[in-house]
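S.K.: The lines below spell out each chain.
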Amino acid sequence: MAVIDNESPDQGSESFLIESGLYTDEDVYQLELERIFGRSWLFVAHESMVPKEGDYITTFMAEDPVIVSRGNDGHIRVLLNKCLHRGNKVCLFDRGNAQRFRCSYHGWTYNNQGGLGSVPLLKDSYMGDLDIGEMSLPAPRVANYKGLIFACWDKDVISLEDYLGEDFRWYLDTFLLDADPLGLQVLPGRHRYMMPVNWKLLAENFGGDQYHFASTHSSVIAISQRPEAGRIVHSEHSGEHYSAEFTSEKHPPHGLLQLAVGEQFYQEDMNMANGLGAEAASWVTNRHDRLQERLGDLKTRPYSFHTANVFPNLSMVGLATALYGRSLIVWQPRGPMRTEVWQWCFVERSAPDSVKERMAFTLTQRQAAAGMVAPDDHENFERTSDNLRGWEARTVPFHYGMGKNSGSTSVLPELPGRVLPQISESYQRSFYRHWRKQMRQNV
Amino acid sequence: MCDLGKLTHLHGAITRFYAKETALLDDGDLKSWLKLFADDIRYTMPMRESVQGEDAVDLIDREGLQFYLFNDDKESLELRVERLYTGLAPGETPPSVTQRLVTDILLTDTSTDEVEVRSSFLVFQVRHDFHETIFAGRRMDRLRPMDDDFQIARRKILLAQSVLPRTVSIFF
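Protein sequences, first through last, are from chains D and C. At position 203 of the first sequence (counting the first as 1) the number is 202 in numbering that gives the first Met the number 0, and the numbers step up by one without a gap. At position 137 of the second sequence (counting the first as 1) the number is 136 in numbering that gives the first Met the number 0, and the numbers step up by one without a gap.
Derived from the structure by calculation, the hints contain no laboratory data. Ideal Cβ positions, reconstructed from N, Cα and C, are used throughout, including at glycine.
Simulated restraints on C-beta separations:
(1) D:26 - C:49: 26 to 36 angstroms
(2) D:266 - C:64: 24 to 34 angstroms
(3) D:53 - C:8: 46 to 56 angstroms
(4) D:180 - C:6: 51 to 61 angstroms
(5) C:121 - D:29: 28 to 38 angstroms
(6) D:439 - C:133: 35 to 45 angstroms
(7) D:53 - C:7: 49 to 59 angstroms
From the derived model, a few chain D residues whose C-beta atoms are all more than 10 angstroms from chain C:
(8) 47
(9) 75
(10) 129
(11) 160
(12) 260
(13) 405
(14) 420
Isolated chain D (complex conformation) (with noise of 0.2 angstroms):
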């Protein structure tokens, strides 16, 4: 296949060139499934989304259906959502608790931990052919960091941490998972849209792509100073601000974007938490004091990012500011040309109420289904896969060359990872090198 055996991007003069096959071809996307989505760690759930035995939520891995099934046993599991018999759904709510999960076909009935429980007749018509105690739904593995919960298909795949990788682990520990002393609350009511594109134009705008946002969001830009913005505005643009990448031959390539550096983020939300009320600014004062203990006697004092990818589907919004909802999306991919969002609003649990409830508001006005960011970014996308059917259209490839001569050291190298410019590509250069990379391994 072409756009796989092609050289990789990063050698020879047109090499940050991408071909636009890689957006548009059935073949290609079928491979993803297999050899991608097959092969890595995907995000299927927060732990606070099933707090007590017997909770569920049903969500996707890829195109795959699962559950991800708290048991009676307390234990997290991932089963295929998808009955031995005749391959009907077992589970057919978002959410819910159940001791089991019944197929609506032929009543083959499973236990919470995945087990056939039950098979109508065993007895009386299949007598004793079929031992229903060696049965139970396809489970792929499953890892927990810190309340995410990754599943993968592939046995052999690395460790969910050195998958995560220990520097962009440290971005995730600092500034999202050992931010609140009690974790993350996941909010009833996550999004589900779709958007007309390729799931890896999306996956890698969250990863690394800055540089959209002064023109596709100048619509936000132009309203921000306004007086209705001040509840959902924050420094997106003024302050230090930098990206970063964490790429190496042990782990598939990582991002984030909005590195923020400087107390003038502090202060900002100190402002906008003492418009909330004593109890919110103790919150935003307590929490910062814990981030200087986490951040130790670095010199470089980080205050938070804003987004992220982790390789391949999992983003992450709203991490910039103290009074932002924490958001993970993952990008499900629907084909060459589409891709279903899956975004949940987090807030930390130990904020008074009046941030949460401003956490939960500033997600929703901004990136989220009905807000004033990814409305914007649907358009663009949308146009540019309406290009994409022309077949000349098909023979131009993306252009992914900035920064490319700007060479591999990290501009504040205290800090873990590849600390980059703040506007760079050099994240979607190593996403599509590691992708291209994956695809061509046959087993």
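Using the hints, position chain C against chain D.
M.R.: For chain C alone, kept in the frame of chain D given last:
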């Protein structure tokens, strides 16, 4: 006038009010549309989920902390409209063509000065000639009589869709 006569009169007035609102939205006159809302408007749209067990609730009545699609007051609605009027938002440049139908107008509570109204809507949205989207759902409004007309004091919207066909750049 008998009670039935009063109700018929009220129903007619509300039907005309909705027709006027629909025309403002379909004509793209969002600044005039905003004037239909009371200053204390709460405008919400929850996300549909199918929940099994004790957490199952009637979604349109689900209150409290959640990840809404719309969770707006007058100020945030004004900000949304101001953003579209900048002319810098690709998602509405050029503006979507919309055609709305509002129907099944039921007065569900007329016992106080403010009238509770349930209606059904269907919004047909066209972008770039051939991207056609239908949003369908229901609204629960509380209308406040004002002079010879009404203001919308509360609007709850519930889409029929559980997976939105596209991101939302329009109003309901």
